[in-house]
Amino acid sequence: MFATLAPILLQATLETFSMVISALVLGTTFGLPIGVVLATSGRGELFEAPLFQKIIGPIVNATRSVPFIILAVAIIPFTRLVAGTSIGTAAAIVPLTVAAIPFIARIIEGAIREVDGGLVEAAQAMGARPFQVVTKVLLPEALPGIIHGLTLTAVTLIGYSAMVGAVGAGGLGDLGIRYGYQRFRPDVMAAVVITLIVVVQMVQSLGDWLARKADKRNI
Amino acid sequence: MIRLSNVQKTYPARRGSPAHKALHGIDLDIAAGEIVGVIGRSGAGKSTLIRCINLLEVPTAGSVIVDGTDVTQLVKRDLPLFRRQLGMVFQHFNLLSSRTVYDNIALPLELAGASKAEIAAAVDPLLPLVGLEDKRDRYPAELSGGQKQRVGIARALSSNPKVVLCDEVTSALDPETTRQILSLLRDINKRLGLTMVVITHEMAVVKQLCDRVAVMDGGVIVEEGKVDAIFANPTHATTQSLLADEFLDYPARPNAAANANTGQEA
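If you read the sequences in order, they're chains V and S. Going by our numbering, the first residue of the first sequence is number 1, and it counts up by one from there. Going by our numbering, the first residue of the second sequence is number 1001, and it counts up by one from there.
Everything labelled a hint here was simulated from the structure, so no lab data went into it. Relax, there's no trap hidden among the hints.
Label-pair distances were calculated between CB atoms; the ranges are:
1) S:Thr-1010 / V:Glu-45: 19 to 29 Å
2) S:Arg-1077 / V:Leu-210: 29 to 39 Å
3) V:Ile-21 / S:Gly-1193: 49 to 59 Å
Cut-off 27 Å, straight-line C-alpha distance, at most; resulting in silico cross-link-like pairs (DSSO-like, lysine-lysine):
4) S:Lys-1076 / S:Lys-1162
5) V:Lys-216 / S:Lys-1116
6) S:Lys-1076 / V:Lys-54
7) S:Lys-1226 / S:Lys-1162
8) S:Lys-1135 / V:Lys-216
9) S:Lys-1162 / S:Lys-1190
10) S:Lys-1135 / S:Lys-1190
11) S:Lys-1116 / V:Lys-213
12) V:Lys-213 / S:Lys-1135
Part of the chain S face toward chain V, derived, beta carbon under 7 Å:
13) Pro-1080
14) Asn-1094
15) Leu-1111
Ideal Cβ placement from N, Cα and C applies to all residues, glycine included.
Given these sequences and hints, build the entire structure.
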């Protein structure tokens, strides 16, 4: 039995990884600049643009307040537009990314706001341009927090990736629902659950390790 | 070197707090190579004043002339270039926790686009100057308060400034470390001929470090002169009470001493 289950399980795990990693990379690509702007566009801040903050803030909140399964279904037309199809692992990356962007933006914002304002003032006194304050001070100093946040995002995305099974994507969630639940295979279900637990543990440990390495505040 | 004329700063009203006038027309001349202290209690406006020199705070009125240029007329784009000519040292050090001692000192040069070789040429001699040769690759979390402030001083010097602004640089340090840091600053001033503006609430700092002192209260300079002269004959009540705070044998007026408040800058 294990001989037949192992390849399917491996295949599903790889699909989950590819969905989560792609969504994480794309989500960070878009979420990072949004997070930086959210953290620095307030009144009296580095890139003062209160109007922008007033517009982008609610959009981020709106996206975050829609349950992921609803979001995934609701944006199917958009998914079709971007991916050419709404079915399959590649297509699932679209809703996962859409959900990841505001999540990551808020995490980056929070991590940056934790950076001592005195450092920004010191950098400006040294003649840093606003963009340099971001690249040389805010992001390096916020890095441990950002890594923690991205780890949290990765774990959340693993959970979400199981839900996109419902809209025709592959991955561990899909395997669990179709084989384990609908075909009454508790052995498959157990294998899926154990795999998910192991994967999440690994991701969390990796993230903690990276964050510890980046954190020079307690040596 | 620095000439402040009628510098005023008003913070606009915000939700819940009315407009606040922090500086009411400050006039102050600082000669090249001089160490000038600005002393006052919390809220006297001294932190605002020092930030008006490098335009971290933009004065509402008046002019700030540094090395012949009225810097209040500079456009925003040119401010970073101007600020690179000034060094600043802070009360809470403001070192980047993610950078080593060497990389913290190198930061101003990095921001100015200096090459690795230029940075090494500037930073390497600063390490022995501030006594941190053996801490080159340590992180700030591994240093004591006095060592952190030495890094802060070296960082302020790395871009080879003409002026160093010191904002309560010893207020977070114990008395012994304070003495060491002050004598380091004095030594640097002599060796490099730097102009220094020193903000403090402690008369002892003025006594050990400064050539001249301006006493601030309520956003104005109430008394100004050579340190010896001010110590020998303080005329304003604020000066007298500041002296009484630290020199217990100083014959202060009874009510001035009663109003004394040793709180630190917020």
